[in-house]
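From just these sequences and the hints, can you work out the full model?
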Amino acid sequence: MTGAHTLALDDLQELIDILSSRGYSVLGPTVVDGAIDIRPLTSVSQLPHGWGDEQDGAHYRLRRRGDDAVFGFACGAQSAKPVFFPADELLWRSRSGPDGPQIDRPDDDRPDDDRYGPPYAVLGLRSCDLAAIRIHDRVLTGRAVADAHYATRRTDSVIIAVTCTDPAGTCFCVSMDTGPVPSEGFDIALTELYADGPHRFVARPGSPRGAELLERLAARDATDEDLAHAASVGEQAAQRMGRRLDDTNLKNILYDNAESAVWDDVADRCLSCGNCTLVCPTCFCTSITDVSDLAGATSERHRVWDSCFSADYSYIHGGAVRESTRSRYRQWMTHKLAAWKDQFGTSGCVGCGRCITWCPAAIDITAEAGELRRVAEHREERRARQP
Amino acid sequence: MGTAGKPSLAVWKFASCDGCQLTLLNCEDELLSIAGAVTIAYFPEATRAVVEGPYDVSLVEGSVTTPHDAERIQQIRAMSGTLVTIGACATAGGIQALRNLGDVREFRSVVYAHPEYVETLDRSTPIAAHVSVDHELRGCPIDKRQLLELLAALLAGRKPRIPTYSVCIECKERGNVCVAVADGTPCLGPVTQAGCGALCPSFARGCYGCFGPQDSANLPSMTRRLRAQGMSEPQVIRLYRTFNTGAEAFRAESQRVVSGSTAGTATAEEVST
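Chains as they are written, first to last, in the numbering used here: chain A, 54 to 440; chain B, 810 to 1082.
It is possible that some hints are incorrect.
[What the hints assert, rightly or not] Distance windows between CB atoms, simulated:
id	chain 1	residue 1	chain 2	residue 2	range
1	A	D141	B	F916	42 to 48 Å
2	B	N909	A	D190	52 to 58 Å
3	B	N909	A	F397	49 to 55 Å
For the record, the hints were derived by calculation from the structure and aren't laboratory data. It should be emphasised that the depicted structure is a prediction, and the values quoted were computed from it without experimental measurement. Just so it is clear, CB atoms sit at the ideal spot from N, CA and C, and this is done for glycine as well.
Here it is, written out as structure tokens:
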């Protein structure tokens, strides 16, 4: 682990200051309306000092930790998705001018004082969030037509990741092999140490830019002891996953059980509200929408988040393809856990557990997948017993 | 067609509080643009000047509660090109559709000294129960941005962007933290149609459903969640029986809870008191 340093909280402040001075909008975790979420950050004092979280199906509560940890929570309300893949993106605008319609690029009218526009430096992302960003990179930039807006935002970004030290009841990144220790896709990865010795952060560079930033800080090299301590923090966190998802043969189970009664049961509870898709760090469904003003002088094309749980989303000539909530939940879960593998070479689930926590009906993707497996295996056993 | 080749706009009132019409007048920054784009041909709330019909666009506020109004809406439909219902009264019967659950003759005899002079129907019904409706704007009151979007779309001849999905989607678009999950606040957002911009949850309050049911509302599941959050059956019934009490999904579920309530603890009488 070359180039690892041990930082104090003051060094993190200096890191924020350096990034700000280089023109980055620095974003990071902070307490917002009873939860931890990513917001613009200028000072380490805005980090959630001493806050942890308690997460379960349809349940999120902040809790006092009794220490000064600033990253002592599991994943926040949202991943980096709203940063790199915003809920509403202006694609282009046209105005009627003296020489006919004039097309503006969105960048043309970005105000100079837009302090929170790109490039972004995002502090505090978790390993599951990094896995989701890798999936978005693949989906949004690795296909025939790249999403230029997304690609620009990503190329220019700085990512400072954090090892999860205190996973929540809804976490299952170990099952999806995405955490809890960041392995790739960061400029710097921090591990917060607070249990023994002074409050400090072991910082590993993950890119030349990250190494250069760490060199700028007047921080000491990490001792072998700190490195060992940091490694054990990650190992302990891996033992404390709140949930588990058995991915073995899951793709085939989903493909073979499209008519399982499990889908009826989940549809009975599913509110078809779309929350799971909007907090999922990998869901990328959008709609294109045009708006125009009353005078007909200006029109805009926007790309906005949408959800496969909306009836309109699958609407084509003649009606919606997926009329029932049953078919929509099945579509979402089968795409996420099975078809995604055929389409993009990876599961669409990173084990962050947000779809469980933020589902108002407390539907649990790990429980539903487990139930589907149980029912399918039970049927196979019965079939095997028959002569 | 109105003057100077501009489309003509008429605004009609049925049983309602006028709040949705006021939303049009509250478009202060945009009023000049609206007046520039359309001829306001009939709008007694704003002006006594009347341009004769037919009208290109009619905005209809309010529900049908009298025999006279049941006839009047037919005439309005006949002289309107595009007919748009605005607000919970026009789209679902409004708060006055609570009458649908009771005996109107009895109310009338209690409230009025001479009930025989009051000519009213037994039920408050939405406009779409009487005539075909081209577009509807939900809400109590309607949302100003949706009204402007609808007018702009009609003028441009494009489909208006009036999503029928849940309020939750607007909450997440705004970056709100869910009040139901993070605070335990009962919220009808999951079963309610978007359009308000998630107004109440943005101020840390639960949605109370004034935009009516979303396109795939699962009310029985919503009821189970509200009960799990500590609401009593009468409270749940009351929550469904407000401005959209007449909207089918809300009506059916409130009725189901009433008839299924344990040992008849939540009778219609108890709920209405």
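To see whether the hints hold, each was checked on the structure:
1. In this structure the hint that A:D141 and B:F916 lie 42 to 48 Å apart at CB holds, the actual value being about 47 Å.
2. The hint said 52 to 58 Å for the Cβ distance between B:N909 and A:D190, and at roughly 55 Å that hint holds.
3. A C-beta distance of roughly 52 Å is found between B:N909 and A:F397, which places it inside the suggested range of 49 to 55 Å.
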